[in-house]
Each structure stands twice: as structure tokens, then as C-alpha cells.
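Visitor: Keeping their order, the protein sequence lines are chains A and B.
For the first sequence, this note's numbering begins at 74 and goes up steadily by one.
For the second sequence, this note's numbering begins at 74 and goes up steadily by one.
I should point out that these hints are in silico values taken from the structure, not numbers from a laboratory.
Heads up, some of the hints might be wrong.
Stated by the list, open to error - Straight-line alpha carbon distances no greater than 20 Å define the calculated SDA-like cross-link-like pairs of lysine to any residue that follow:
1) B:K172 x B:E146
2) B:K172 x B:K250
3) A:K250 x B:V289
4) A:K172 x A:R270
5) B:K250 x A:V289
6) B:K250 x A:A288
7) A:K75 x A:P137
8) A:K75 x A:E107
9) B:K172 x B:D98
10) A:K172 x A:P137
11) A:K250 x B:A288
12) A:K75 x A:L256
Said to hold, decoys possible - Heads up, incomplete: computed chain B residues facing chain A, CB under 10 Å, no partners named:
13) Q131
14) S194
15) T196
16) G232
17) L266
18) M277
19) Y278
20) V289
21) G291
22) F294
23) R300
All C-beta atoms, glycine included, are put in the ideal place defined by N, C-alpha and C.
For reference, the chains in residue letters:
There are 2 protein chains.
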Amino acid sequence: MKITVLGTGMVGRALAGRLAELRHDVVVGTRDVEETLGRTDSDVMGNPPYAEWQQTHQAVTLLPFAEAGSHRELIVNATNGGGSLAALEAVGAANLSGKVIIDVANPLDFSQGRPPILSVSNTDSLGEQIQRAYPEARVVKTLNTMSAHVMVDPARVPGSHGVFVAGDDPSAKSTVKSLLGELGWPDEQIIDLGGIRAARGTEMYLPLWLSLWGAVGGGDFNIVVARN
Amino acid sequence: MKITVLGTGMVGRALAGRLAELRHDVVVGTRDVEETLGRTDSDVMGNPPYAEWQQTHQAVTLLPFAEAGSHRELIVNATNGGGSLAALEAVGAANLSGKVIIDVANPLDFSQGRPPILSVSNTDSLGEQIQRAYPEARVVKTLNTMSAHVMVDPARVPGSHGVFVAGDDPSAKSTVKSLLGELGWPDEQIIDLGGIRAARGTEMYLPLWLSLWGAVGGGDFNIVVARN
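So here's chain A without its partners, still in its complex pose:
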């Protein structure tokens, strides 16, 4: 598929790199290509500069948002939650119309320190905001409940742990489930939560995820739904 990944951080790189390995035609979108490539320091999470990552992922082209988003089949929103709506606006409504948007972002707000709070929650969610802003796009919230490493390599965590999908369009969810399968998520680990409103629950899980990160001592974990 012709896939655009929005965002050049850890999550965007993990998804773009893996999807390119899987022989998809992948481009990455950023606000300002020159600025992104000009960075020489590691980011706050300790990730090396994008230019360094690009050297080992030359199949993946970096483009400005609007160009990255044009004539593509599927858009992955892997920007910071606080910048997601602006990034999608830069891509442009015409580029998003009819397209599947996989929304992986979490609306984390670090302005009051760590651990972060959510910039939207409880009565709304980032997934719903994106769907409302682009009613002709087909938003599927998924993969936002785990680390980037686990997203693209679920086998690194043992057991039948789960990935959630939420979205209003059944055919978009089918497309996403198939792509999740390519990333290593078997059908029985994909849990369909219903419409995009359920994005609220998966985003509001983040504070618990952050506490678990501390209790487990790192991001190499995920949750399994145990049932009879």
C-alpha cells in the first residue's frame, strides 16, 4: 500500500521502518523537512536525530506534510498528540477525504510536568476530534496502548496480549486489522471495541500504562484480557 506516516519521533520511525520492510511504499511527513534533517542532537527520549535514522532507512522518503499526504491510500498519525490536529490540517482535508487514518497518537500534555496529564479526555478523545474534523476520513484508533517496539514486534512480549481497534467504519477496521496482521498481530489478539468513541478508553488507559511502565521497569509489556 501507499502509506504515509505523519511524525518523525520514535513511534513514526518504528512504524515507517517496519512497514517499509514489509514492502509497503512508505513516506514520512513532517512540518519542515529541512529543520527535521538539520537536527543533530538526540531528542528528549534519547532517540538519535532523524537524519541518522534515515541513513539506514533510505527507502523511506521524508516530505512536508501536504506532499507526504497526497495520492496515498492510508495515513498513520504518529505525531505527538498535541500536534496531531495541526499536522492533519497541514496534510489537508482533500488529501484525507475517503482515506483510512490510523490514529496511534496519545494526547499527552507535559506542560504540568511528569507524569503527563491528557489534553483531552473523559467527554472526548483525540480519535474523536480527528474524526469530527475530517468526517470524510475513516479514523481507526489503534496501537496507542503500548510502546513503539511492541507495536511493530508483538512477539517481544510473551503471551496472547491485545491490541485494540476502535472506529466507525467497518471496512476501514478490516483494512487496519489486516495491516496489524502484517505487523505480527494475529486475529485473536485484535480486540474490536466498537466505534471511535471507544478511543476515549484506550487514551485514558495511558496514565495506568505509565504507572505500569514504572512498576515493570520499562516499556516491554502489554496487557492481556483474561477471560473464561
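For this one, chain A is given, so just place chain B on it according to the hints.
Guide: The following block gives chain B in isolation, referenced to the frame of chain A:
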């Protein structure tokens, strides 16, 4: 132990009944004993009236909040989240001083319909509100991430699924872990999330829990933290 369970709903009954079976000295607190015993209809969740439950649990005495809370060693808050602070106020600060309060409640707000939203979240939690209101009590948030049936009978769900504890007082958490052990939670299934602030995460998990309830088709499930 001399244990008071506040709340006469499904959760209060499940905990009071099981703790009494385990030979604890259990009383249940309610706002108005006469009114609680006078109800003849099932509640909105389909639970039979309290008076009917009491017939098969005669070791458990029903008392007004203040009386139920006096001279006890441990208080379990199993009231509706929206009524928890009022219930604890009725118990009275003097009765709560120095005591362990196990807070099992969730601040669910059904005023905007179903699924409910939370009446407090993101920048605060019910657990923190209770701890702030009674700084001399020792609040431990636990068991609020599962159905009442699973709380008191974890073996009904297969696998090493987890129960979270969060609280500022280490000795109170030890007491609670030991009581969880009596309820059937082995040590390795008890996940200590740190201070009471982590109550935010376990309460904000509720919207996801409610979505999972729909996906699973009932409350007989719980989450396992899978890790390397």
C-alpha cells in the same frame, strides 16, 4: 479484623459477604438503615433488595454510617463514587483517623447517559480526594478495575491476572495486600503502582473496562500484564 464496608450495592455485598465468610467481624454501613431494609425492588443492576441478601448473611450487621465506622480497624469504601465523600463525612473524621481505608469505588457519572463518564479524572481522582479530605487516614486504592465477582473470587478468571494497589502509606498497603491474599489474590498477581496519585490511572481505566465488558460480553474478565 473488625472491618466496616460502606455501601450496600453489589460490590459492598460481595466484599462484606466474603470477608465475613473468612471470619472477619464485618458490619455494613448505609445512610439510612430503615430505608435500605425497606426496599423491596431489585436495583437498576438487577440485584435483589438488601433485606433479601441479609437473610443469607446474618453475621453481617447493617448500621448507619457513623455507628458502622466507630471502633473499627479497617474501612472499605464500596459506595457509589458520587456518594463516597458524603458517606465518609457521615462516618466522621474521628472514626477514620489512623485507619486504613480501602477505596474500591469509581467516580462514575451517569448523568449524561451510558456509558458513564468520570466525575473526577485526569488531574485528580476519587482516591486522592479521599486521602486529601482525611489526611490522617491511610487510603489504599485497589480492586476498582474489575467486577465484584472477580474481586472476591479471582480464580473464576483463568491466568495470572492482576490487581493494582496504590497508596502513600507502605504499612497500609501491606495490610491490604495481606487481605487481598485472603480473598484469593496471590502476591505475584498484586501490582503495586506506588502512591495514591496512581489511583488516577486505575480509575481512568474504567472507560476501557466498560468497552471490554461489551467486547467480552460480561464482567468475567480481567487484565494480565504480560512482560518478559
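Visitor: Against the structure, test the hints numbered earlier, and report the numbers of the ones violated in rising order.
Guide: Numbers 8, 13 - these are the hints that the structure violates, sorted from lowest upward.
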